[in-house]
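Protein chains in written order, with full-length UniProt numbering: chain F, 1 to 226; chain L, 1 to 226.
Derived from the structure by calculation, the hints contain no laboratory data.
No experiment lies behind these values; they were computed from the predicted model shown.
Glycine included, every Cβ here is placed at the ideal spot set by N, Cα and C.
Any given hint could be a false lead.
What the hints assert, rightly or not - Quick look at which bits of chain L chain F covers, simulated, 3 or more residues with Cβ under 8 Å:
1. 31-37
2. 45-51
3. 86-93
4. 100-112
Said to hold, decoys possible - Listed next, with one range per pair, are the computed distances between beta-carbon atoms:
5. L:GLY190 / F:GLN213: 48 to 54 Å
6. F:GLU186 / L:GLY103: 56 to 62 Å
7. F:PRO169 / L:ARG116: 27 to 33 Å
8. F:ALA106 / L:GLN46: 41 to 47 Å
9. F:LYS118 / L:ARG116: 46 to 52 Å
10. L:ILE188 / F:ASP28: 43 to 49 Å
11. F:GLN209 / L:THR102: 43 to 49 Å
12. L:ARG60 / F:ARG129: 50 to 56 Å
13. F:ASP218 / L:GLN213: 22 to 28 Å
14. L:ARG199 / F:GLN209: 50 to 56 Å
15. F:ASP28 / L:ALA125: 37 to 43 Å
One-letter residues, chain by chain:
There are 2 protein chains.
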Amino acid sequence: MPAIICTVDVVLLTLEGNALKVALFQRDKEPFKNTLALPGGFIHEQEDQDAQDAAARMLRDKTGIASPYLEQLACFSGRGRDPRGWSVSIAYYALVPAIALTGIGASGGILTPVERVKGLPFDHADIVRMAVERVRAKSTYSSLPVHLCGEQFTLPQLQAVYETILGEPINKVSFRRKMEELDILEPIAGAMESGKAHRPAQLYQLKRQFLRQLSLTDRGLNSGST
Amino acid sequence: MPAIICTVDVVLLTLEGNALKVALFQRDKEPFKNTLALPGGFIHEQEDQDAQDAAARMLRDKTGIASPYLEQLACFSGRGRDPRGWSVSIAYYALVPAIALTGIGASGGILTPVERVKGLPFDHADIVRMAVERVRAKSTYSSLPVHLCGEQFTLPQLQAVYETILGEPINKVSFRRKMEELDILEPIAGAMESGKAHRPAQLYQLKRQFLRQLSLTDRGLNSGST
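Whole structure, please, built from the sequences with the hints as guidance.
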């Protein structure tokens with residue numbers, strides 16, 4: 001049996017100041033010690049049930065986040081991607097609201113706009129690029145962006161999140177129709193957004209069954225219909 | 001570094017007698033010796049550039065097929081899936097015309113309708129199920145099914161392939177519009193299907209640039225428009 005290096009890496013994404021950002025952490029070991037990289041590491045055979053479990057453990061250790069939306073991205077592999085030898089990285093992506101990441105500086109983490117990522121070791125730049133593509137593609141027809149919101153949000157706030165991810169304005173009527181179709185939101189009884197000059201807006205939350213599972217639509221949000 | 005078992009498995013799919021079938025081969029080693037399973041095996045560090053390269057090698061060794069349409073499906077991992085210990089399988093799927101598989105009996109292979117797969121070892125049944133779901137989902141908005149056709153085919157033949165994969169009839173006008181949108185086909189000059197009672201139909205082939213790369217549409221074939 002060949003000795004393949006087998007690791008897990010996580011692309012942790014959030015929305016901050018209207019930009020999609022990825023969490024990078026200083027590596028505390030060789031190779032590439034002290035370089036910013038994706039959080040990741042070896043699978044712990046005794047501790048981890050499977051690779052997703054390992055990814056969740058790494059995120060928990062780095063950020064304290066217990067159960068973010070976490071999905072497998074792809075497996076990156078080959079002879080050349082790690083100076084230590086033939087290696088496999090099972091890559092995951094996670095989406096969290098920015099408020100969940102306020103403390104990452106304490107563990108050597110920073111948030112970088114995904115367009116400005118550079119100088120990453122291994123093939124981490126490719127992994128980030130694929131994750132961003134996947135999130136943008138899935139956002140056109142699913143509930144994925146809602147995981148970038150906090151626990152409570154108004155429909156205009158959620159629409160702004162979709163617009164930032166998709167990089168284009170969305171017609172309000174068509175957006176609300178899509179949200180009804182996805183059937184992922186429930187109004188929070190009696191909860192209105194306050195402290196704004198205009199009329200207070202109803203606050204919503206994600207239905208519990210969609211915390212881990214996406215809701216999908218047949219037609220995309222940006223497929224031309226308004 | 002933990003000793004993770006690191007393998008590659010391939011879901012080789014074809015269309016035969018109007019049914020989507022998966023190629024299974026008798027395992028020649030323990031565990032599960034002599035049981036039908038997906039073709040797969042260990043990565044060869046010296047020989048394989050990456051996991052996709054390993055998957056292509058395994059297909060070549062089992063079937064003689066040199067360069068099928070081959071794409072990564074997902075990574076399956078965990079403590080319980082292989083009796084030998086904590087393991088990772090990087091799973092791929094490949095689509096080939098049935099004519100390319102006429103000789104697989106000689107290497108202990110059989111073609112089984114995907115709905116009738118049973119008794120597979122490891123989590124191979126889950127891998128097959130995910131591959132079939134992926135192929136069906138991608139077929140609604142891409143050129144994927146064309147890889148199940150031979151080198152030359154008529155538009156009605158290609159439409160029948162799409163209909164078999166999607167499991168529903170497709171409006172002819174809407175199908176032809178989608179094919180134009182995908183822009184993957186070129187007529188073969190002077191080549192007509194012959195030997196049929198009705199008027200001979202133009203033969204087409206896949207444009208070379210789409211042999212390895214899918215063409216995608218924004219809206220699905222079965223998204224309601226006719």
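Hints and how they fare:
Look at the region 31-37 of chain L against chain F: 0 of its residues bring a Cβ nearer than 8 Å to a Cβ of that chain, fewer than three, so the hint is violated. With 5 residues bearing a CB less than 8 Å from a CB of chain F, the region 45-51 of chain L meets the requirement of three and the coverage assertion stands. Requiring three or more residues with a Cβ within less than 8 Å of a Cβ of chain F, the coverage given for the region 86-93 of chain L holds, as 3 such residues are present. Restraint check on the region 100-112 of chain L versus chain F: 0 residues with Cβ-Cβ distances below 8 Å, three needed, restraint violated.
Separated by about 53 Å at the C-beta atoms, GLY190 (chain L) and GLN213 (chain F) satisfy the suggested range of 48 to 54 Å. Between GLU186 (chain F) and GLY103 (chain L) the beta carbon distance is about 57 Å. The supplied range of 56 to 62 Å therefore holds. Taken as a hint, the range 27 to 33 Å is violated for the pair PRO169 (chain F) and ARG116 (chain L), whose Cβ atoms sit roughly 49 Å apart. At roughly 44 Å, the beta carbons of ALA106 (chain F) and GLN46 (chain L) sit within the given window of 41 to 47 Å.
At about 51 Å, the CB distance of LYS118 (chain F) to ARG116 (chain L) agrees with the hint of 46 to 52 Å. For ILE188 (chain L) and ASP28 (chain F), the hinted distance range of 43 to 49 Å is not satisfied, since their beta carbons lie about 60 Å from each other. Restraint check, GLN209 (chain F) to THR102 (chain L): a C-beta distance of roughly 47 Å satisfies the suggested window 43 to 49 Å. Separation of ARG60 (chain L) from ARG129 (chain F) is about 30 Å and departs from the stated range, judged on CB atoms against 50 to 56 Å.
Checked against the hint of 22 to 28 Å, the pair ASP218 (chain F) and GLN213 (chain L) passes, with Cβ atoms roughly 25 Å apart. Distance hint check: the CB atoms of ARG199 (chain L) and GLN209 (chain F) are about 54 Å apart, consistent with the given range 50 to 56 Å. For ASP28 (chain F) paired with ALA125 (chain L), a C-beta distance near 41 Å keeps the hint of 37 to 43 Å intact.
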